[in-house]
Amino acid sequence: MISARIVLILLAMTVINTFVSEVTVDAVIKSICDPYGCDRECHENGKYFGHCVQNTCKCI
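Note that numbering that gives the first Met the number 0 gives residue 0 to position 1 of the sequence shown, counting from 1, and the numbers run on in steps of one.
In case anyone wonders, no lab produced these hints; they're calculated from the structure.
The list that follows gives simulated cross-link-like pairs (lysine to aspartate or glutamate, DMTMM-like), each with its CA atoms no further than 25 angstroms apart:
# : residue 1 : residue 2
1 : K46       : D33
2 : K57       : E40
3 : K57       : D38
4 : K57       : E43
5 : K57       : D33
Pair by pair, the computed Cβ-Cβ distance ranges are:
#  : residue 1 : residue 2 : range
6  : K46       : I5        : 56 to 62 angstroms
7  : M12       : Q53       : 35 to 41 angstroms
8  : T13       : T55       : 32 to 38 angstroms
9  : S30       : C58       : 15 to 21 angstroms
10 : I1        : V52       : 53 to 59 angstroms
Beta carbons: idealized from backbone N, C-alpha and C, even for Gly.
All chains should be modelled from the sequences, with the hints used to inform the complete structure.
Written as structure tokens, this is what we have:
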């Protein structure tokens, strides 16, 4: 009886960990460079202009 509960708990933890890791990966893949935020960030760092190149902020 106790071993069945332990197996169910381990199974539930495995399912939850699998779901959480997939959500984290999907969130990282969908990140998009915001041109306005990029430009503002570059101005704050003392650069004149900022633009997005392949979802990466570049400052000039």
